[in-house]
Amino acid sequence: MSDFTSSFWPIFITVISLGGILGCALLLWLTGKTKVTISGGDNTSGHVWDETLREMNNPLPRWWVWMFVLTIIFALFYLAAYPGLGSYAGKLGWSEVSQYDQEVATANKALEPLYARFIAMKTEDLASDKEARAIGERLFMNNCSQCHGSDARGSRGFPNLTDHDWLYGGSPEKILETITNGRIGVMPPMGAAIGTQEDVKNVANYVLGLSGSSHDAARAGLGKEKFTVCAACHGPDGKGNQDIGSANLTDNIWLIGAGEAAIIKQINEGKTLQMPAWKDKFTPAQLKVLAAYVWGLSNK
Amino acid sequence: MNEAPAAKVAKKATLTQDVVISLYKAQDKVYPRSVSGFFTKWRWVIIWLTQVFFYGMPWVQWGHRQALLFDLEAKRFYIFNLVLYPQDLIYLTAILIISALSLFLFTAIAGRLWCGYACPQTVYTEIFLWIERKIEGDRAARMKLDSAAMSGNKLFRNASKQFVWIIFALWTGFTFVGYFTPIRELSQSVLSLSLGPWETFWICFYGFATYGNAGFMREQVCKYMCPYARFQSAMFDDDTLIVTYDEARGEPRGGRSRKVEVNSKELGSCIDCNLCVQVCPTGIDIRKGLQYECIGCGACADVCDTVMDKMGYERGLVKYSTQNAINNNWTHKQMLQRIMRPRVLIYAAILGLLVVGLLASLWFRTPFRVDVVRDRGVMARLTDDGKLENVYRLQIMNGTETTQHYKLGAAGLKGLEIEAEDRDEEKDAIFNKSVMVKPAESRWLIVDLKIPDGTVEAGSHKIQFEIQSMETKETVIENSVFLVPRQ
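Here the protein sequences come in this chain order: C and Z.
Using the working numbering, read the first sequence as starting at 1 and increasing by one per residue.
Using the working numbering, read the second sequence as starting at 1001 and increasing by one per residue.
Don't take each hint at face value.
Stated by the list, open to error - Some chain C residues close to chain Z (C-beta under 7 Å, calculated; not the full set):
no., residue
1, Gly32
2, Pro59
3, Pro61
4, Arg62
5, Val65
6, Gln146
7, Cys147
8, Gly149
9, Ser150
10, Asp151
11, Lys271
As the list claims (entries may be wrong) - Taking beta-carbon pairs under 8 Å as the criterion, some of the chain C residues facing chain Z (in silico):
no., residue
12, Lys33
13, Ser98
14, Gln102
15, Lys281
None of these hints come from the bench; they were simulated from the model.
Keep in mind the model is a prediction, meaning the values are calculated, not measured.
Beta carbons are placed, not taken as given, at the ideal position from N, Cα and C, and that holds for glycine.
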């Protein structure tokens, strides 16, 4: 249970907690009666402030003392029931994590009837179901929009989900798979494999040419031969491969940056892009609703 | 300023002046005697007014709903024709500041008016005392009953008192919850015994607080728990009207035969009947001067006036007066003139300004509200058609109880285009290109702003969203920024 590596700290905490409670009880008892010398019999401490304010030596109401006693009793029961004393887990076995899990389970159970309808539906139908879409939108806003943007159109390094360009496939099943298990897309640094920096620049121009972007035709011609290194993943025609998530280089969508300089940088340095897996956070029904929402973004 | 403690004098202490005292004092039960008179009458008037408001207000309907309803679950606060959102917290702040300043003002003028006449603690104590008096009798009868051995009569009276108290307290708790959940539905749930767990808890909790505070804690709350009782002296000055005993006139006090003419003997006007102590709800003796326990209810002034009348003396031995008036023998008029002193005028001026400000801001309030949240994940991006794009989320909060359509616009940069997609709603000819928001609901809308790339220098640029309600023609302008990245 304890996050501390040293066994000293649990003991320290236990001693401080119990010692503090004991100290309070002792103080309460010892100060119950006191011997005072009444000066002049007026029951004041003798201090005078602001001309006339005198400090009285008045007793505490007894009901207030009982409240102190109650807090002490409460503290002892609390420390017995809950993890408050070092590494002692408490009689109730409560922990923050278990409470969270329990609350999530309760909430999911409460939502079950709502999602029951969705589970039976086809993804294509879910995407046009108003209720499912509203839920999907909220799930997306709270969990996906941080990277893909509120309008789902992405930004550099984070794919646009509203177009028909998919790294790993845009079928409902593939989208669900991507969300459920996440994806890690790796492009290794290829500069050395291609050859000199001149060669890299030539390949970059060839790549630009694939999508019909403005490029140096002479360099592209020289780069074509070296592109075979790239073709292993991106395919001989540069159209990419959705099974391994390699990008299509023939369209005008540049996830990591358009233009010669960006492509050269990408070839030299490579890139790893990661989409986290969401299967631990969402129930299967939620994943399905979310996948349908994402699918619906490009299939209206 | 206070009475000496009930010092438990030890056996040997008499000679040495050394005494052992208990620092924990048992509560001396106060048995306030019933009283009638000017201040008591006013006290009851205010109690009736505040309580008729408190118990009655939840039952008042406004259109199709409760006039005053704080719907915590939906986070909507209905106050007559207003629908407030949590974002309208500023109004609550203003009301709290106004309340605090009113407290300052009233305290500067006439002491603890709040405590004596309006505070729930003293008001409910007074109501519970009234019930107690009806069932167990006045002070003497109650003291006798308390000290008597248990009997059928005592049991019956105690039980019926507790019963009425608990019913009243539960009704109070029920009313309180009725401000947060519609009281008409709540009353049906009570009658059909189908209250939710939280409603049950809060009715019982508030009921228990009322029962405990007004039935048992009473003056203990004022004396030991209430912070206001302790800092009131900071708001008093020598011209503050307070309940005072006219010491010069009253002393030396003493009992006497009714035939004795006042001033003919060496005795003052105070006949030492002790009634002022007996009527006091906090159990103090006003003749010892201003004390922090005094809640300013004026019961002692009322009872003393009746005694003075019986004796044939002039009224006002205990009265509302000021320190200066007592010291300088001012007339009533002289004393009241001092109310218009700088302290009071300044409090009143600030208070007046705030009240006018609050009313004006409520009057000119646009019945909807917009929050703009710029997407942080996406700084800016180039679209396929060569435009630079920023993404925003707009939350439009409809503060009316009718469906509204809003038109969106953006300004502040050359060539700024706005693109907002309202995927959900059916369109008709009139409201095409508008956003529909249902009554008292809010909705998030995703908005893209674009400019032609390269037309604006890199950096952050101020822009404004203009949102116009097509029904009310009112416009809200919200500021935001448009980011242009360095290439």
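Item checked: Contradicted hints - numbers only -> As far as the earlier hints go, 11, 13, 14 and 15 are violated by this structure, in ascending order.
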